Amino acid sequence: MRADFADVAKYGTRQSGFEGLRSHSSGVKGSQFFYPTWSKGSLITNSNEKLGDKYMYLFDKVRQELFIQVPDSNAVYLVNKSQIHAFTLNTDKPHTFEIASDYIPGRTTDYFEILIKNDKYSLLKFTKTTLVKFDPHDMMRVKNGELYDEFVDEYTYYLTLKGGSLQAIPLRAGVIKKVLSAEKSKVNDYFDTNANEELDEKFLVGLIGFLNS
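The sequence shown: position 174 = 163 (the working numbering), numbered continuously.
Treat the hints as calculated values from the structure; they're not laboratory data.
Mixed in with the good hints there might be a few duds.
[Claimed, not checked] Straight-line C-alpha distance at most 30 Å; calculated DSSO-like pairs for lysine-lysine:
hint	residue 1	residue 2
1	K(-1)	K50
2	K109	K43
3	K191	K50
[What the hints assert, rightly or not] Label-pair restraints from in silico Cβ distances:
hint	residue 1	residue 2	range
4	N37	F199	31 to 37 Å
5	K173	K106	20 to 26 Å
6	P159	M129	25 to 31 Å
Note that the structure is predicted; figures quoted are calculated from it, not measured.
Virtual Cβ for every residue (Gly too), placed ideally from N, Cα, C.
Input sequences plus hints: build the corresponding full structure.
Set out below in structure tokens:
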């Protein structure tokens, strides 16, 4: 176990424990964390060292911070962002994140989730989570009994071609077709084939996968 502490301590600072990681009260609807509890995963550092799934991981969406728990202990460490290249959380499926500065050099405090990584098109996702306080003057929410603060996620999707600059790509058909105008025929084919599907993240992932095939 001593070696486990030493390995993690190289990359971060020790924290007070799980409850100390919460920046808001536990009565808020939703979660400030990507997954509400600790999960298995892995971490790749900028020096290409890897911490595996014997550790537990927790990603704070609000503060864009990654925490690691040492096995068989309550010791929790906040990982220094300057040390992180990528990390994976194994929840319902593996979710891999990379530091945003790998794509936008000046953006050193955020992480992009990698939805598709390909030599042609790659698709990234940024989740911005904010705390929305209950407004007692919002009569509709009062009427519906929604008397609570809540965490609200806002998603931004980015497309990159052959590792080039990022292009924001909102979930709107007209904008998607404009951004991907060089692939007009294949894009139109995909939209026609999936005309009855909701234009959501699943649709966009399917489209980019189709263009990469």
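Verification of the supplied hints:
1. Of the supplied pair hints, the one linking K(-1) and K50 holds, its CA atoms being roughly 23 Å apart against a limit of 30 Å.
2. Restraint check for K109 and K43: the C-alpha separation of about 34 Å exceeds 30 Å, so the hint is violated.
3. The suggested pairing of K191 with K50 holds, with an alpha-carbon distance near 21 Å, which does not exceed 30 Å.
4. For the pair N37 and F199, the supplied restraint of 31 to 37 Å holds, since their beta-carbon distance comes to about 33 Å.
5. Separated by about 24 Å at the C-beta atoms, K173 and K106 satisfy the suggested range of 20 to 26 Å.
6. The hint said 25 to 31 Å for the Cβ distance between P159 and M129, and at roughly 26 Å that hint holds.
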